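Undergrad: Below, each chain spelled out in residue letters.
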Amino acid sequence: MRLAKLLKALLPTLLPIPDRDTKAAKDAVAHGLVCSYARGNVNLQDGRYMTAEQLEARKQKLAQYSF
Amino acid sequence: MNSLVSLEESPSDVLRAQAAEVARLFSLAEEKIKLVEHLNRQLPIPSINELRYAGYHLVQYLKDGDKAELGKAENHCKRAIYDAVEAGVMHQLEMIQVFQTDFRMIALSEHITGYSDLKKQIKAAKELILKPKNGPTDRAAYYTECTQHLESLREGLDTLEDHRDDLIRVIKRQNRQSLATWSTLAVTCIAALFTVLAYVKPPASTAAPSSPERATASTAPSSPAD
Chain A
79 MRLAKLLKAL
89 LPTLLPIPDR
99 DTKAAKDAVA
109 HGLVCSYARG
119 NVNLQDGRYM
129 TAEQLEARKQ
139 KLAQYSF
Chain B
304 MNSLVSLEES
314 PSDVLRAQAA
324 EVARLFSLAE
334 EKIKLVEHLN
344 RQLPIPSINE
354 LRYAGYHLVQ
364 YLKDGDKAEL
374 GKAENHCKRA
384 IYDAVEAGVM
394 HQLEMIQVFQ
404 TDFRMIALSE
414 HITGYSDLKK
424 QIKAAKELIL
434 KPKNGPTDRA
444 AYYTECTQHL
454 ESLREGLDTL
464 EDHRDDLIRV
474 IKRQNRQSLA
484 TWSTLAVTCI
494 AALFTVLAYV
504 KPPASTAAPS
514 SPERATASTA
524 PSSPAD
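If you read the protein sequences in the order shown, they are chains A and B.
Under the numbering used here, think of the first position of the first sequence as 79, with each following residue one higher.
Under the numbering used here, think of the first position of the second sequence as 304, with each following residue one higher.
Treat the hints with care, since some could be wrong.
Using 35 angstroms as the maximum straight-line C-alpha spacing, the simulated DSBU-like pairs for lysine-lysine come out as follows [to be verified]: (1) B:422 / A:101; (2) B:434 / A:104; (3) B:423 / A:137; (4) A:104 / B:337; (5) B:422 / A:139; (6) B:436 / A:104; (7) B:436 / A:137; (8) A:139 / B:434; (9) A:137 / B:434; (10) B:504 / A:139; (11) B:422 / A:104; (12) A:139 / B:366; (13) B:375 / A:137; (14) B:475 / A:101; (15) A:101 / B:423.
Bear in mind the hints are in silico, worked out from the structure with no lab data behind them.
In this text the structure is predicted, and so the values were computed from the model without any measurement.
Taking the hints into account, I'd like the entire structure generated from these sequences.
TA: This is how it looks when you write it as structure tokens:
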């Protein structure tokens, strides 16, 4: 462990680049929380849920399509 | 509902009828949410949120006995139904869109009976969900209409999916015909190319004696006069 730490301190490392869009990061955090805390519903546990925003986006996409 | 209640009924009967209506709408909302969750394989959060509000108002009614709370709970149940059904309608429309994209090269009306009627239903459903709704009261007003659209679209999508195998066969047949046409065209082009080459290029036996002369003529140095 010490050797690994020493090597990490001595050698140049690539820094992780944070997301530009903080909303996407927040959504990802919320998604992870829902998955971890959900009980009793398989879809929620797998993170399969539709928020009002997502529904609105899908609606706008449908509006552009001509049946 | 109020029109059905006779004048002889006591206020408690009216309240009981209203509570029964709220209970009916609540269970209907639950049923629709389960249906849409099953269809979309996703849980519609906005409708669950509306049911949460309905529960809040019911608890307020139980606590204070305020009749207005029952009305509010009823409206929230209607909105919950509308939101769930709207998500279902959107999913059905998206599936129909996928179907139309898959078979965009085929005239579907020639192969599916009643396709034009289905298109009318699709357009009506699309118009309803895209119609601007001024506030939550509008959503409560449209919940029955939206439910009818969901049922008709489900039937329509089932009809379309029943024809999928037949349409795939039609596409395969068309592809075979196209392939045959293209191969005939390719063979014709190659044959034409060979014919042209044979016409332009002289035969090797006649060209052989003249070639050294041509070669010497082309390699000979040009005269100073040039």
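Undergrad: Indicate, hint by hint, whether the structure satisfies it.
TA: Hint check results:
Among the hinted pairs, residue 422 of chain B with residue 101 of chain A is inconsistent with the structure: their alpha-carbon atoms are about 38 angstroms apart, more than 35 angstroms. Between residue 434 of chain B and residue 104 of chain A the alpha-carbon distance is near 31 angstroms, which keeps this suggested pair within the 35 angstroms criterion. A hinted pair counts as satisfied when its Cα atoms are at most 35 angstroms apart, and residue 423 of chain B with residue 137 of chain A qualifies at roughly 19 angstroms. Our distance criterion of 35 angstroms between C-alpha atoms is met by residue 104 of chain A and residue 337 of chain B, whose separation comes to about 28 angstroms.
Distance hint between residue 422 of chain B and residue 139 of chain A is fulfilled; the C-alpha atoms sit about 18 angstroms from each other, no more than 35 angstroms. Restraint check for residue 436 of chain B and residue 104 of chain A: the C-alpha separation of about 29 angstroms stays at or below 35 angstroms, so the hint holds. Simply put, residue 436 of chain B and residue 137 of chain A have alpha-carbon atoms about 13 angstroms apart, close enough for the 35 angstroms limit, and the pair holds. Proposed proximity of residue 139 of chain A and residue 434 of chain B is supported: the alpha carbons are some 14 angstroms apart, at most 35 angstroms.
For a cut-off of 35 angstroms, the pair hint linking residue 137 of chain A to residue 434 of chain B stands: about 11 angstroms separates their Cα positions. At most 35 angstroms may separate the alpha-carbon atoms for a hinted pair to count; residue 504 of chain B and residue 139 of chain A exceed this at roughly 61 angstroms. Among the hinted pairs, residue 422 of chain B with residue 104 of chain A is inconsistent with the structure: their alpha-carbon atoms are about 40 angstroms apart, more than 35 angstroms. Between residue 139 of chain A and residue 366 of chain B the CA atoms are separated by roughly 44 angstroms; this puts the pair beyond 35 angstroms, and the hint is violated.
The suggested pairing of residue 375 of chain B with residue 137 of chain A holds, with an alpha-carbon distance near 27 angstroms, which does not exceed 35 angstroms. Proposed proximity of residue 475 of chain B and residue 101 of chain A is contradicted: the alpha carbons are some 46 angstroms apart, above 35 angstroms. A distance of roughly 39 angstroms separates the Cα atoms of residue 101 of chain A and residue 423 of chain B; the hinted pair therefore is violated under the 35 angstroms criterion.
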